[in-house]
Amino acid sequence: MNTYLLEIGLEEMPAQMILPAVQQLKSLVQKTCEKHQLSFKELRTFSSPRRLAVQIQGLPEKQEDRSVELKGPPAAIAKDKDNNWSKAALGFASKNGVDPADLEFREYEGKDYLFVQRMELGQAVPELLQAQLEQWILQLNFPKNMRWGSYRMRFIRPIRWIVSLWNNTVVPLKLEMVDAGNETRGHRFLSSGKSLLKDAADYQVQLEQLNVMPDYEKRRESIVSQIRKLEQEFGFEVELDEKLLQEVTNLVEWPTVLLGDFEEEFLELPSEVLVTSMAVHQRYFPVFRKDEKLGAAAKTLLPHFITVRNGDGKWLDTVRRGNAKVLRARLSDARFFYLDDQKKLLDEFRQKADNVVFFQQRGTQGQRVQRIADLSVFIACKMKLNESQQKHVRRIAELSKFDLETQLVQEFPELQGLMGENYAMLKNEDAVVCRGIRQHYYPRHAKDFLPEDEESVPAALADKLDLLTTAFSLNMIPSGAADPYALRRTAQGITQLILGLRLPLDLRELTSAAVRLLDDQQDLSLERTKLQNDLLDFLHQRQRWFLQERGIRYDLIDAVLKTPAGIQSPQEKTATPALAIEQLGFAEFLSEHLETDMFKRSVEAIVRAGNISSKYADKIADELDESAMELTEEKNFLAALKPILNSDSQSLWSPDNYLQQLRKIEPVVTRFFEDVMVMDEDPIKCGNRLWLCLQLAQWSKRHLDLQSIVFA
Amino acid sequence: MQLNEYWHSLGCMLMNPYDVETGAGTMNPMTTLRVIGPEEWNVAYVEPSRRPADGRYGENPNRLYQHHQYQVILKPSPDNVEELYLASLVALGIDPLQHDIRFVEDNWEAPTLGAWGLGWEIWLDGMEVTQFTYFQQVGGIACQPVSAELTYGIERIASYLQDVEDVFDLEYTKGVSYSSIFRQPEFEHSKYTFEVADTELMFRWFNDYEQEAGRALAEKLVFPAYDYVLKCSHTFNQLDAAGAISVSARAAYIGRVRNLSQNIAKLFLEERCKLGFPLMNDRDAARKWVEELTPDN
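These protein sequence lines map, in sequence, to chains E and B. For the first sequence, this note's numbering begins at 1 and goes up steadily by one. For the second sequence, this note's numbering begins at 713 and goes up steadily by one.
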């Protein structure tokens, strides 16, 4: 059996692009093998900052010979008038290099055609691969390509060498800047210059001798086990953030883990500042005191860091000292900002926001904060928060963005909110206000926390609603993949807040207020209704997403979302629309009852009542004429309808009551349709019966649109 | 200095800092303009670089109003450019086996120049000591061939070599500390930028410089026009550091400088073309370039 190896040698690739690139290479190779029916035992990929490689093991010498069936011209033109092969037939045979005697007729889609079986000899595999190599390389896609030197080619980083080996012979490939060969490069410092690769099969072993671990998993494992060893030795705990681990693994070819220290005095800084300095800026792993009881957030930092060197275990002290020095410089900088920021009053930062433009033509950040504050108070009233809570709500909103003007957040933008909380605490703001400054950003993504305090919720909603409204007012409505201001996530956040916290808020009131505040403040003369409908439509899609995530069936989602709150149409204006949480409540409750026989029969009966009453809308009685009711079925129907007729025709029933009512009325209505001729000749009787159907259908439709439900 | 010797031995011309204020070695026309067009260009020079926003009154151990860069341009970028760079560290006395040297992705962009490139920060034991960039576009013009730019942070490397924590503790030459030379100007420039500068006057300067750059451009005078762009750029940096420019206005000012830079880049290429790209060794190639770039030909 044979092995083929392709190694693309590059200057250091961006860490996060390495794994996707080698994955692409793998699938290109797989496609080639499928297309050419090439069998192999194993397809392995290797990658490091300086190389992307693929190794195909267990390849045959040549492709299997195979018989191919070729379709020719239709039988009708295959023979001439003397029953000899026609020109068309002979042409087909000679084009494919077969003897005309082997031609045969066969049916294809109802017509006869000429066919022939031809043996195709398998190609030698190295030749076959050689023809593909260049395409594998050229077809790799990267988010950002570059040129270098005087070459025309564009690639992720400059290509410096190519190894292309069939066992121990080179499979040639010529690129503009380099010819493929059998020379690789080892570790940049631990080995020197070019090294001969003797055999494609020994790639990994040979590279490891050159101090390169080309197997990503092995490199990762090596880092993890070295860190675990340090943990045991020193009794601390290291948090292995998967993303950081992946990045670090892709920054080194020969990992050596080392432990460094920083001065204990820096532990006075907020721990997020320390973690960000280490993990984000320096790619270090932070070290925590071992404590099994505490969650990750509550763990105590220790004045150490762990870094991964691209090299061996020699001279580690120098490397450690250097890294400690850099970290010390960063932390002193952070401390300088932290202390300096504290010298100012919170309101001074707020005033700075008056000079910062939020969106062109939509005022300053200061004005935006004003809108958030007004909208927050509006929402707080709707949430029926008491007066002292409302005071907190306003304060949270007013302080929601001040920290963006602090030096520390400008240096560490990822700490927005957190630093706001920290600084506000130092200025003795109420604890709930401080938490609110942090929590108003929640949820930042689909799996994020929701605010814990009620008081944080209005600002959390208002912040997102205002961003969405402002962007939409500038016609920045996301379409396709482009969504530079993350508006989908913003709208999703609103949905998560309302549905996740079960807030009895009406999105129409909220959007209306947000639009009004923006329009009035900036004096824009916006087309308010259109803007509001765009917003509702967008939020509606996110609501659908939320329900899907909850595992609610599609047809049930349609059924609840098609109720009046979903789409605003003038006819339905009279009915009070269902709130988003009521729709959620119905969807969740009915999910459990959807497949019961009773529910199925109810759907049938109500859909039928709805259909017939809308079909003969002109025949419906304006009022019920009880004197004309003779049949028991009619009377039973009316009796069962009483709770509906007696209730407020605008209000919604709880899902539970709705279902109980269905349970009561379903047998009566089913019976009614079985035994009563609705379209009686007597217009009064007919009008009466249609009236009963209409009342039932309208009542049900307020809650959900049963016509959307599909039974298997 | 060892870097001069090293790069000179590899065929780089040694140049001097520019005499108009620049924010970085990249802004020196020896880089900004010369990386445009097909002519070979290999130079090295020190550039005192003014960053008003980084002024810290001489109190911060790492940040300076004015720091020094060592700038190398290799055009076209040679195939072994990374090895050449690493050997320059060895020339400085940094043995890669004793340290951890890494190439960490860093993409460079200069909106005022209409320029971008791809490359790395080079980390020496976790400290960024060099910016390594392959210029892709400058002044809105695609770079062909591509230049490699190496920008060494001199203070950083020196503080590493001398093993000091604070840049002001560096020994500039035997017995003379960095502090004794630079602390006063650092303090005064910071004070001037943040407290004293007459921003109204500076706004006026910006407009005047911009206008004069435009006039020079109209007369097809590339280098004088570019000098005024540098002045615009520095004035803008001063105003920005003083907090006199709001975010939206900021984008507009950057746009004005970029506009000038792009016109200058275009004009530079045209003028070099008219001269027949005299710095190209391969005269046939030069003629081809001229043909390709001359309109109606």
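Since the hints were made in silico from the structure, they are not lab data. Nothing here was measured: the structure is a model prediction, and the numbers come from that model. Warning: the hint list may mix true and false statements.
Here are the simulated lysine-lysine pairs, DSS-like style, with alpha carbons at most 25 Å apart [to be verified]:
no.	chain 1	residue 1	chain 2	residue 2
1	E	LYS79	E	LYS62
2	E	LYS71	E	LYS35
3	E	LYS243	E	LYS26
4	B	LYS1000	B	LYS986
5	E	LYS290	E	LYS243
6	B	LYS903	E	LYS344
7	E	LYS352	B	LYS903
8	E	LYS35	E	LYS87
9	E	LYS343	B	LYS903
We went through each hint and held it up to the structure:
Between E/LYS79 and E/LYS62 the alpha-carbon distance is near 39 Å, which puts this suggested pair outside the 25 Å criterion. The straight-line distance between the Cα atoms of E/LYS71 and E/LYS35 is roughly 20 Å, inside the 25 Å bound, and the hint therefore holds. At most 25 Å may separate the alpha-carbon atoms for a hinted pair to count; E/LYS243 and E/LYS26 meet this at roughly 22 Å. Note on B/LYS1000 and B/LYS986: the hinted pairing holds, with a Cα-Cα distance of about 13 Å set against a maximum of 25 Å.
Taken as a hint, the E/LYS290 and E/LYS243 pair is honoured in the structure, with Cα atoms around 22 Å apart against an allowance of 25 Å. For the proposed pair B/LYS903 and E/LYS344, the alpha carbon gap of about 19 Å is at most 25 Å, so the pair holds. Between E/LYS352 and B/LYS903 the CA atoms are separated by roughly 20 Å; this keeps the pair inside 25 Å, and the hint holds. Annotation: proposed proximity of E/LYS35 to E/LYS87 is violated, straight-line Cα distance about 33 Å (limit 25 Å).
For a cut-off of 25 Å, the pair hint linking E/LYS343 to B/LYS903 stands: about 19 Å separates their Cα positions.
Violation of the numbered hints given earlier is confined to hints 1 and 8; the remaining hints are satisfied by the structure.
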